[in-house]
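2 protein chains.
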Amino acid sequence: MSARPLRVVGRPLARIDAIEKVTGRARYVTDLVLPGMAHARVLRSPYAHARLARVETGRARALPGVVAVLAGADLTWCDPYFGPAFRDRPILAIDVARHEGEPVAAVAAVDEATAAAALELIDVDYEPLAAALTLEDALAPGAPLVHTREPLAGHFADLSSLRPRPGTNVCHQFHFARGDAATALASADLVVEDTFRFPAVQHYAMEPHAAVAAWDETGGLTVWASTQNPYSVRVELAKMFDVPLARIRIVVPHLGGGFGSKTYAKLEPLAAALAHAAGRPVRLAASAAEAFQTVRRCSARVTMRVGFGGDGTLAAVHCDAQYDVGAYADIGPRVVQKATYTATGPYRVPHVDLGGAAVYTNTTPGGAFRGFGVPQLAWALESLFDVAADRLGRDPIDLRRHNLLGHGEAFAPGDTPIDGKFEESLGRAAEAIGWTLAGAADRGRGLATMLKASIGPSVSEAIVRLHADGSVSVLASAVEMGQGTRTVLAQIAAEVLAVALARVVVVTPDTAITPYDQTTSSSRSTTMTGRAVQAAAEDVREQLLRVGSEALGLPASDLALEDGAIVTATRRLAYPEVLARRFGMAGGELIGRGVVAPGRSAAPLGGSTPFWEMAVGAAEVSVDEETGAVSVERYVSVADVGRAVNPLLLEGQDEGGVVQGLGHTLFEEMAYADGHLLNGTLLLYRVPRADDVPALECRFVENADGAGPFGAKGAGEGSLVPVSPAVANALARLTGVRLRDLPLTPERVWRALRARERRAPGAI
Amino acid sequence: MSARPLRVVGRPLARIDAIEKVTGRARYVTDLVLPGMAHARVLRSPYAHARLARVETGRARALPGVVAVLAGADLTWCDPYFGPAFRDRPILAIDVARHEGEPVAAVAAVDEATAAAALELIDVDYEPLAAALTLEDALAPGAPLVHTREPLAGHFADLSSLRPRPGTNVCHQFHFARGDAATALASADLVVEDTFRFPAVQHYAMEPHAAVAAWDETGGLTVWASTQNPYSVRVELAKMFDVPLARIRIVVPHLGGGFGSKTYAKLEPLAAALAHAAGRPVRLAASAAEAFQTVRRCSARVTMRVGFGGDGTLAAVHCDAQYDVGAYADIGPRVVQKATYTATGPYRVPHVDLGGAAVYTNTTPGGAFRGFGVPQLAWALESLFDVAADRLGRDPIDLRRHNLLGHGEAFAPGDTPIDGKFEESLGRAAEAIGWTLAGAADRGRGLATMLKASIGPSVSEAIVRLHADGSVSVLASAVEMGQGTRTVLAQIAAEVLAVALARVVVVTPDTAITPYDQTTSSSRSTTMTGRAVQAAAEDVREQLLRVGSEALGLPASDLALEDGAIVTATRRLAYPEVLARRFGMAGGELIGRGVVAPGRSAAPLGGSTPFWEMAVGAAEVSVDEETGAVSVERYVSVADVGRAVNPLLLEGQDEGGVVQGLGHTLFEEMAYADGHLLNGTLLLYRVPRADDVPALECRFVENADGAGPFGAKGAGEGSLVPVSPAVANALARLTGVRLRDLPLTPERVWRALRARERRAPGAI
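Protein chains in written order, with the numbering used here: chain A, 23 to 786; chain B, 23 to 786.
Mixed in with the good hints there might be a few duds.
Pairs count within a copy or across copies, as identical chains cannot be separated in the list.
What the hints assert, rightly or not - Here are the simulated EDC-like pairs of lysine to aspartate or glutamate, each with C-alpha atoms no more than 16 angstroms apart in a straight line:
id: 1; residue 1: LYS43; residue 2: ASP238
id: 2; residue 1: LYS43; residue 2: ASP117
id: 3; residue 1: LYS443; residue 2: ASP727
id: 4; residue 1: LYS43; residue 2: ASP53
id: 5; residue 1: LYS443; residue 2: GLU724
id: 6; residue 1: LYS443; residue 2: GLU431
Think of the hints as simulated: they come from the structure by calculation, not from any bench.
Only chain A is shown next, with the shape it has when bound in the complex (with noise of 0.2 angstroms):
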């Protein structure tokens, strides 16, 4: 078959869903109406740790229109505790409430001011405990405890048997070396060195958490869910409720933003605990406020060593890095896992010695936010690079540049190597951000670069269906949560079946149908579910070209696909005739199957991703030194992408993440108080608003080498991660001062000038 060039891959066209998300038709899962659907509320901790001395539910279960009122007590029915690396989360706390806005409670009754009156009838009796706020808090010697017995193993292998050890909040360690640090440090030509703190910040999406849970008299459960992967929710429901994965039924509709904090479970549980407690189905959409108690990024402490040798070699990186998991591990062990492998950023260095541990508090607990810990790690690094540079007086690109891992380096012995080319991004930033050193306009000028590996091991199955007509079906199970994800699927299959966009349908994710995909996040949709999409559809196409070399009397190689023809320099076999072929009458369909699934290569532990995302970021800032704001006023992000699917789709992914960077940067920061949430509101948390969105600028990298469709590889988090340090080295290039806490508020900022003036008037 003869080559022929991209028609519908690679082409900024408008997404397939936009028509039914301006209009407003979109449907989220707290669109859906069921018959009989109860309508349920939580009630939650006031304390930040607390004992449950009684939970007395009787008066609400009486209040009328109430149709189940469940406490921890009374899930002794299923098993009640979930989490993907540990299950240690209970579905409502039991004997012990761990974490402000913990639930401990929750109603379903016909209505939700029903189900809110009858909160207001439930007493709980609380005995507050000592809590552990903060990492310090935690990890101080006699520190109370947020969990005192060992929790069971997770959906996890590997990290199940390294479960937290009891008598100490230290929920998992993660250590990763090769060579010898310690020496190569103590013979560096420059060493720098220093103490790097990220904020705990809610991903804030614009749709809050939400389940609706519906049982049949089969034992098979259903839930609608908010998240972003459905198959982790049914295993989890499935191990909970000992129900066959086969019936149980994650729905997800579209998804109203998720950046990770739709990943695993989260009110599916309780939504299915009150259904089955109310023998109807059962609605629970959480407000914004009650976001902010289900999860948020891990906020970190980072310490970090770089050794250099005089011409500025890498010669040694030493992370001693903390997170803070809150009351619950969710995810945060891999978090921690994934992030602190990848500790070194994109650099070649012989020795590192990386350790990372993910840290209880009593606190929101901490998961999965994009970038999944490496803008904790990348904000030590990549200031550490510009602090280097400085004290090398080296040019801050120049240092990078020298140290930068090539293309199909390995990134470590027996790991993925390198698929993209961090010297053309690093290039393409430095020019479109104007970078040169003489200019004293360059002064405001910053950069950083990222390297994040994917989940590995990274399955996705996908079935492709061509019908009679020639128009096509894609099953697969990426969630479309605003990335595009489904135009995207509807490219490749578009693309490889060689018809046009608006005749190819992407179904709904559902597990009952439309096949496994492990999860929506760590960038790899388009990568490994569009593998899958592409698999698929080259199973069709084969299955094509058998019939019509069979019908033309021509070898398939002697074939091609055109718009919606199997055709050859003289003849033209519409589909419709080809299926009429294969089927002996108009009738019947093409259904073919892809499965992605590359296991796990022989990278060590932390290791094995499918593809690495990588990306440059740029910035230029200004700020006001009465007040010590800053302000980005131009920000340029490169992404090394292999092939942009949909450049339109792309750059909306990557305008997003630097704005949703530029939000720890500057503004957000979960502020607690006494172990109160201060700001967990709309009105009170400050995320970026249009006006702070600088000249903003996203350009890619295609050099089509991608493990994805057509060299696509994975996007849509890397833009996020150079953020901070970007910002932060234009700052410290600017004012000469250099912060090491997020985010960069007007106060901090107008604190390290201060401190700068008194230091040394003037001076850079």
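Guided by the hints, dock chain B onto chain A, whose structure is given.
Relative to chain A, chain B alone:
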């Protein structure tokens, strides 16, 4: 792999949807509630034939609460004609109404009461036209023409080439000849000949037709429909509304009985048109009375001449059958073609001359009905067989046995060989009814046989998914309409994959999701869809064994599947372990694909069945000579099913077939006078009651010689076919009267008894 005995297939297991059905929670189309859904009502013609001089809908449109009003003239934005054989049926009558009850206008409103009120405000000026109400009317010279223009081609190319000629009411003609029947009849030792009539009857499904239609923003259409063949409805809607097949979603929840009445589009086009006009979902649910106006069995007049040699050997059959297909062709032409082709039943006949015609009349359209035209012909042939036996002085069973086609014998050159043993069925039926020629009691006993082709070519596809815990999902599009197909498909998958039935889930048919299946009719689901499921499950089994073979270091032929595991004499690898090895993690699924498309054989036009349906029925009757009331005291049905996948369900099917056959044998007839249906309501239409059911015994011949899974083949229609001739033969043997017109009402029987007495008092 060592053979193992069947464990799930062949067992009389309770249906898997039993609990949801007995608890009333099984969902049917009319249970569906969509937000914003409007409710439709239909204005129907009070005339059998009338010109629509004016249809004024302005006042109805103005009624508050009305969201759409449509008349035929409004349907300019779509192709308003549909029909599987010919597209001769408009969504709403255009210019002319061709039968009483034909939809003339329709209203969608906020509720049914408002819609009904709006119907009253529609003004229609009818100009009554002369009507052709019977076959005699329609075929008389100068008859009023039901259609005056050649209709558009339908879905089936072979029928479309034989469209009705304008200027007559002959809708379709079929002719099949072999040998020289005229000469053979002229030289036969005995020729029996007569004309038999079969009434128009209603399917009388507990659930009348219903559809809920909704359009989406992308121009896609979803219809929840009470249809036996969602894929046929899909292709009709695609053509009418110019939508790619992939964007049409036909979902079929439980169906409350089909019997052929729900094959091909019925209310779906109107529901879709109304939803389009209303800009919101529309629910259109017919009443039982409206079902009588939607479709019925084709009544028939059959003249048959059968010639025998002196030894009882069949020499020739000449058949001239006219089927009344009512006002629109529906699938009537196919009914005529398929039935006429097999008019000779299960007998070896060297010379045949078989003609069939479908004739338009101004009555409810006639379509598919259990037996698909065969009961009309078997009524004639099997009655004449007993007449011939009487004339030849032969035992009727013996005469049949003498002429039966043998196992493996071709029905017609190039067609499917006979795949069962009639001898065995005949013997078992005779034995069970206590057949002797000696005893006086035997006089009230009669017997009949049947042979029926299934639809061909015949395509079924299926997907089977094996989940990480070893539970199984079956994706197939066979419709559960009470016959138990979900259970049977689950049994097949459970058997192949060696898992418990409770761990298999069968997904609801939905053209967006579940693979192509031609139709749930023609007794084909167990055989064809079952084979597709079997093949898909075997595909999964192959994948399991491949992984197991690698894991255990043994050839796949040394491995067996047992109880959810791969086993050898000494080892056991449970499916979850197999999948974990395959995917390198606890996730992923094995996807199996099954495609069954046997294609068209070298059979003559009308032939090419994938299997034969074969049954024998025997009745014992009594008659009240004073009133003419016939009672069927005992009835034995023997079906040659190859293998009863679920004997319990099969027995239910066959019992239902016998009782439905008793309906048209003793009671049922759609009675017309002056162009009006007299008895088209639940109150007036007489179907068998519980106290009409005889002592009933259903037996199965199982030689595992069917084309379906584990040697099964189609059943479910067969038991109905012999009922009429078996009862009439018993009545003739008891009383000496031979009736030619069904039903055998007391009046008809009484008159025949009186005529006999006048003719030859006391004679038999």
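Looking at the structure, which of the earlier hints fail to hold? Violated: hint 2 alone.
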